[in-house]
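Visitor: Below are the chains, spelled out letter by letter.
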Amino acid sequence: MEGFDELIDYIPLMLEGSVVTLTVAFVSLGIALVLGLITASLKLSGSRLGRGVAGVYTTVIRGVPDLVLMLLIFFGGQIQVNNIGAYFGWDYIDVDAFTAGTITIGFIFGAYMAETFRGAFLAVPVGLLEAGYAYGMSKHQVFFRILVPQMMRHALPGLGNNWLVLMKVTALVSVIGLHDLVFRAGQAGGTTREPFLFYLFVALMFLAFTTVSIWFLNWLERRYSAGVRRA
Amino acid sequence: MDFGPIFENYRLYLDGLALTLQLVFWALVIGLVFAVPLAVMRISTNPLVNGPVWAFTYFFRGTPLLVQMFLLYYGLGQMQFMIDLSQSLTFLKDAYWYALVAFTLNTCAYTTEIFRGAIVGTPYGEIEAARACGMSRLQTYRRVILPSAFRRALPAYSNEVIFMLHGSALASVITIIDLTGAGRIVASRYYNPFEAFIAVGVLYFCITFALVGGFKLLEQRWFAHLRPREEPTARQKARQPA
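Residue numbers (this note's numbering), protein chains in the order written: chain L, 1 to 231; chain B, 232 to 473.
Hints listed in this document are in silico derivations from the structure and should not be mistaken for laboratory results. Just to be clear, a hint being listed does not mean it is correct.
[What the hints assert, rightly or not] In silico lysine-lysine, BS3-like type, Cα no more than 30 Å apart, as pairs:
id	chain 1	residue 1	chain 2	residue 2
1	B	447	L	43
2	L	43	L	168
3	L	43	B	324
4	L	43	L	139
5	B	324	L	139
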């Protein structure tokens with residue numbers, strides 16, 4: 001294709017975009033994991049209020065498209081935050097695209113992670129936890145030394161799927177103006193008049209991210225199932 | 232919060248809703264029609280048959296729908312031959328068709344993999360039984376494998392339908408006034424993004440749960456034979472020999 005030299009010229013810009021995409025992905029993953037763990041614990045807790053809040057959260061998130069949530073938080077959140085700010089007499093607060101994007105994606109995938117973790121927590125045999133208590137471990141110790149490592153093995157396949165979907169959802173941050181890979185491709189494609197080439201490049205980058213993730217996830221899965229006999 | 236402008240513009244929202252449903256419906260139907268033969272090809276052991284289908288599903292499942300849509304709308308749509316073509320076929324200037332094609336290809340790739348899983352999961356005894364009855368390969372597919380695979384694919388497919396509904400919101404990015412697009416128009420006209428998008432979210436939420444309910448009913452019907460048998464009543468128990 002004739003636009004190929006131009007693609008080479010724009011490689012640094014595209015790599016910059018990739019860094020933004022990956023940063024958004026990892027930060028939102030962190031938010032999603034924390035939210036997911038909290039929500040899963042709430043769902044399994046004895047507190048009726050906790051279960052209710054967690055239930056509403058996961059249901060609402062799964063019922064509304066990610067783009068709508070992102071637009072709501074980016075454009076709507078800005079106004080609401082400053083309404084609240086005006087009430088308390090704060091200065092003007094700017095909700096930038098990075099914050100809005102990562103919070104939205106983290107918030108969405110927190111709900112999906114919660115379901116994954118809930119199933120995984122339930123898959124850990126109670127006997128293991130009881131054994132921990134019998135050794136005199138505290139609740140906290142049992143949680144981090146026994147429940148989490150054992151549960152990870154059951155959670156990994158679901159977690160991996162969520163990560164692969166999350167990475168693709170980060171493309172949406174280009175819609176709210178963050179200079180990620182997709183946004184950069186739009187700019188470069190517009191200037192060089194070779195949009196097809198640049199979007200194809202973006203697609204291949206995403207395929208590369210996906211492929212590397214799958215390798216890594218397979219490796220992790222093997223590690224966490226050490227000691228499990230296979231049929 | 233003031234939802235007044237939303238009620239004033241309810242027609243905009245309803246038209247958007249209709250467009251969303253229309254897009255999703257056609258993408259799903261066309262995607263489904265192509266997915267069945269592709270799934271059968273995908274399980275072939277011949278690499279020439281299964282390879283291209285693998286590449287197709289790998290590409291469309293590994294890249295964001297937004298990029299696929301841009302690739303078609305900005306990439307393909309601005310190529311010289313497409314511009315020439317749209318001189319005679321004016322409908323090609325409409326973003327609607329690009330979105331429809333992108334959605335169809337995307338859902339088709341996911342559905343193909345869902346069906347592949349379901350077909351591979353057919354208990355081998357069923358296939359052996361069909362062979363033993365003297366059915367040909369085609370007959371085995373038509374009468375035994377596919378009906379049982381459709382049933383097994385239903386839960387995963389219902390998820391795909393929901394994902395497609397949510398993915399269709401992306402159409403608003405390429406100027407289509409679907410439900411999300413309607414929300415964007417109201418948000419920019421009245422500067423009330425919070426209310427405008429909440430209304431959009433509520434509508435999507437309602438459709439999602441209507442769909443979930445519909446699939447539950449369908450599952451009850453299709454999985455009737457898998458439900459646990461009702462407990463025998465006291466009288467039936469008494470009749471049974473000890």
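Visitor: Of the numbered hints stated previously, which ones are contradicted by the structure, given in increasing order?
Guide: The structure conflicts with hints 3, 5, although it agrees with all the remaining ones.
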